[in-house]
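Novice: As a plain string of letters, each chain reads:
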Amino acid sequence: MKETYFTDAINEATKEEMRRDPTVFIMGQDIRSAVYGATGGLLQEFGPDRVLNTPLSEAGFMGAAVGAAAVGMRPIVETMACFTYVGMDQLVSQAAKMRYMFGGQVQLPIVYRCLMFYGGSLAAHHSDRNYPIFMNIPGFKVAVPSNAADAKGMLKTAIRDNDPVMFFEDRNILATKGPVPEDEDFLVPFGVADVRREGTDVTVVAIAGSVPIAMDAADELEQEGVSAEVINPRTLVPLDKQTILESVAKTGRLVIADPAHKTCSAAAEISSVVAEEGFWSLQAPIKRVTAPNVHIPFSPALEPLCYPTKEKIVDAVRETLR
Amino acid sequence: MTEDRAVLMDMLYRMLRIRFFEERVITMVDAGEIKGAVHSYIGQEAVAVGTCVALRADDYITGNHRSHGHPLAKGGSMKGALAELLGKKTGYCKGKGGSMHLADFSIGILGESGIVASSMPVTVGAALGSKMQGTDRVAVCFFGDGASNQGAFHEAINLAAIWKLPAIFVCENNQYAITMAFQDSVAVENISDRAVAYNIPGVLVDGQDVIAMHEVVSQAVQRARSAGGPSLIEARTYRYEDHTVGLARIVKEPYRTAEEVEEWRNRDPIVIHRERIISQGIAAEKEVHKLEAKVRQELEEAVEFAYESPYPDASDLFEDMYADAIALE
Chain P
84 MKETYFTDAI NEATKEEMRR DPTVFIMGQD IRSAVYGATG GLLQEFGPDR VLNTPLSEAG
144 FMGAAVGAAA VGMRPIVETM ACFTYVGMDQ LVSQAAKMRY MFGGQVQLPI VYRCLMFYGG
204 SLAAHHSDRN YPIFMNIPGF KVAVPSNAAD AKGMLKTAIR DNDPVMFFED RNILATKGPV
264 PEDEDFLVPF GVADVRREGT DVTVVAIAGS VPIAMDAADE LEQEGVSAEV INPRTLVPLD
324 KQTILESVAK TGRLVIADPA HKTCSAAAEI SSVVAEEGFW SLQAPIKRVT APNVHIPFSP
384 ALEPLCYPTK EKIVDAVRET LR
Chain G
524 MTEDRAVLMD MLYRMLRIRF FEERVITMVD AGEIKGAVHS YIGQEAVAVG TCVALRADDY
584 ITGNHRSHGH PLAKGGSMKG ALAELLGKKT GYCKGKGGSM HLADFSIGIL GESGIVASSM
644 PVTVGAALGS KMQGTDRVAV CFFGDGASNQ GAFHEAINLA AIWKLPAIFV CENNQYAITM
704 AFQDSVAVEN ISDRAVAYNI PGVLVDGQDV IAMHEVVSQA VQRARSAGGP SLIEARTYRY
764 EDHTVGLARI VKEPYRTAEE VEEWRNRDPI VIHRERIISQ GIAAEKEVHK LEAKVRQELE
824 EAVEFAYESP YPDASDLFED MYADAIALE
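Taken in sequence, the protein lines are chains P and G. Take the first sequence: its position 151, counting from 1, is numbered 234 in the numbering used here, and each next residue is one higher. Take the second sequence: its position 173, counting from 1, is numbered 696 in the numbering used here, and each next residue is one higher.
Since the hints were derived computationally from the structure, they do not count as laboratory data. For every residue, glycine included, the Cβ atom is placed at its ideal position computed from N, Cα and C. Just so you know, nobody snuck in bad clues.
Subject to a maximum C-alpha distance of 20 Å in a straight line, what follows is the list of computed EDC-like cross-link-like pairs (lysine to aspartate or glutamate):
#, chain 1, residue 1, chain 2, residue 2
1, P, LYS333, P, GLU402
2, P, LYS180, G, GLU842
3, G, LYS817, G, GLU798
4, P, LYS180, G, ASP847
5, G, LYS558, G, GLU831
6, P, LYS324, G, GLU852
7, G, LYS687, P, ASP132
8, P, LYS393, P, GLU307
9, G, LYS775, G, ASP765
10, P, LYS98, P, ASP266
11, G, LYS612, G, GLU823
12, P, LYS333, P, ASP284
13, P, LYS98, P, ASP132
14, P, LYS98, P, ASP113
15, P, LYS260, P, GLU86
16, G, LYS809, G, ASP533
17, P, LYS180, G, ASP843
18, P, LYS393, P, ASP302
19, G, LYS558, G, GLU546
20, P, LYS180, G, ASP839
21, P, LYS345, P, GLU386
22, P, LYS324, G, ASP847
23, G, LYS558, G, ASP836
24, P, LYS180, G, GLU852
Chain G regions said to be covered by chain P (calculated; three or more residues, Cβ under 8 Å):
#, region
25, 613-626
26, 632-644
27, 649-659
28, 677-688
Covered by chain G, per the in silico footprint, the following chain P stretches (three or more residues, Cβ under 8 Å):
#, region
29, 130-138
30, 151-160
31, 170-177
32, 184-194
33, 236-247
Extracted from the complex, chain P is given alone in its bound form (with noise of 0.2 Å):
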């Protein structure tokens, strides 16, 4: 296995899912340039057929994936999560219920590609960690990769299911290094949780960047003599519940890390699941550490009070010990 960043291991999904089958294509704005620089060198290897660049048009370019996958073809569309809303309408009237509402007639392989830029004071327009959103939206798998190796194998995934697939990339681990299987066919599946860490205290389930915060505040608990079961879910559509279940039936107590807003976040729903299948495991009531309900502000005074930090995420451990 090989160090990896994150961002060259989504290059390398893109680059070796793109050779093995032609009718996968990328678009998206600046992305010849690598902009984002996850895209750096597929226009030279791929021609500007297969790499588009589009007008800023979300409307239109993330319809035109729905239209382009309709007929066969594979798009992946590299887009900031905050971007999303403009396109809204195709992500949700087209890409979402098309298959459905059609009786079944179509499938549709997209994957939307959304970098989640929190966290560097570009304040309430472009920090949106929005995949709760999706949760919501039948039709959608939802991928949130928190490391490099998960990053190329949930991609690969993504790339070769032949649903649509909203697929989060935390801007607080693109430049966080990992071993990464060199196989081409290392695939991540969805819906199978990953338990970072083994702990018999607490179930600490992390979303995102909140993972290795998750782990540095394990790292701390068993300072204490606490031990914390971190477990990310990789996907939360499918969620893998099961992991969750059977984790929390062992330590009684569960802390969700979610740096979404607070009110029906990933946490929230977690939360839901496990007081309806596994409220008689629980000790203590369930903790969410989350974005509060309020817009990211620019002040870097103000912005970092917002997110889900180890200290936060001791503490909360700690109130379900109490």
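Following the hints, put chain G in place on chain P, whose structure we already have.
Specialist: Chain G only, in chain P's frame:
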């Protein structure tokens, strides 16, 4: 006349299919047999038919909420359409789409969209796929005057133009977006004038004349197939019914005059074409009657089929969500 006899008769046949189908649908809506919103295509038949006669079976079309005319014009079955309107399992979409969302991918009908203008970018994608796959298939989008004011209209046509895609945008200007007159909602005199902004041909055509429609669309198809890029066609037409069947019971203030409706009814696309066929000796009246009887027969068989077809089972609720299935609850 440049069209040959078979094509002219085919045009009449296809328009009659839509007219008779829609007339029956109205009685079924009034009887409470068809649920939900139903948008009648009566009055606009020449637009879909003139267009689809210019297409091959493997070309693509998309459309909007006024959705019965497009698939029937493309050759879709009446049986599947009527069964879908009744929510039956044998419908085009197994009863999951209903009146506003007919689709038959087996003959290039990529689906009607209940959201106005929403199928325009999808059409661009189908044209993009066609180009990438090296085929010469074209993709036609039917949309209304109301849709021309959506952002998706601009984004879709601009994308098709910069990428020189084989897309044809057919605006069915039936004069009203529900009750708002297009003159009040569009800043230019003709919607086709907007083609200038995309550096593509923009053509205004009489949407009540199926031959004129056919000629204009044929030119656009030829251009699209030979890598010439997209076209914008505005067909002036009229819907005889209100926006939805039965809307007159709700709308308190009239938005159009009886005289105006009458004027347009006097330019009925089927009457115009039928008279032309007979007066020019293309077919005897007896032959036209035979054709009408054939369509009525097809309709009766479709009605019987739709009534007798089963509804979906409760278990069908969970079918067709994902191509690669996941657990649903």
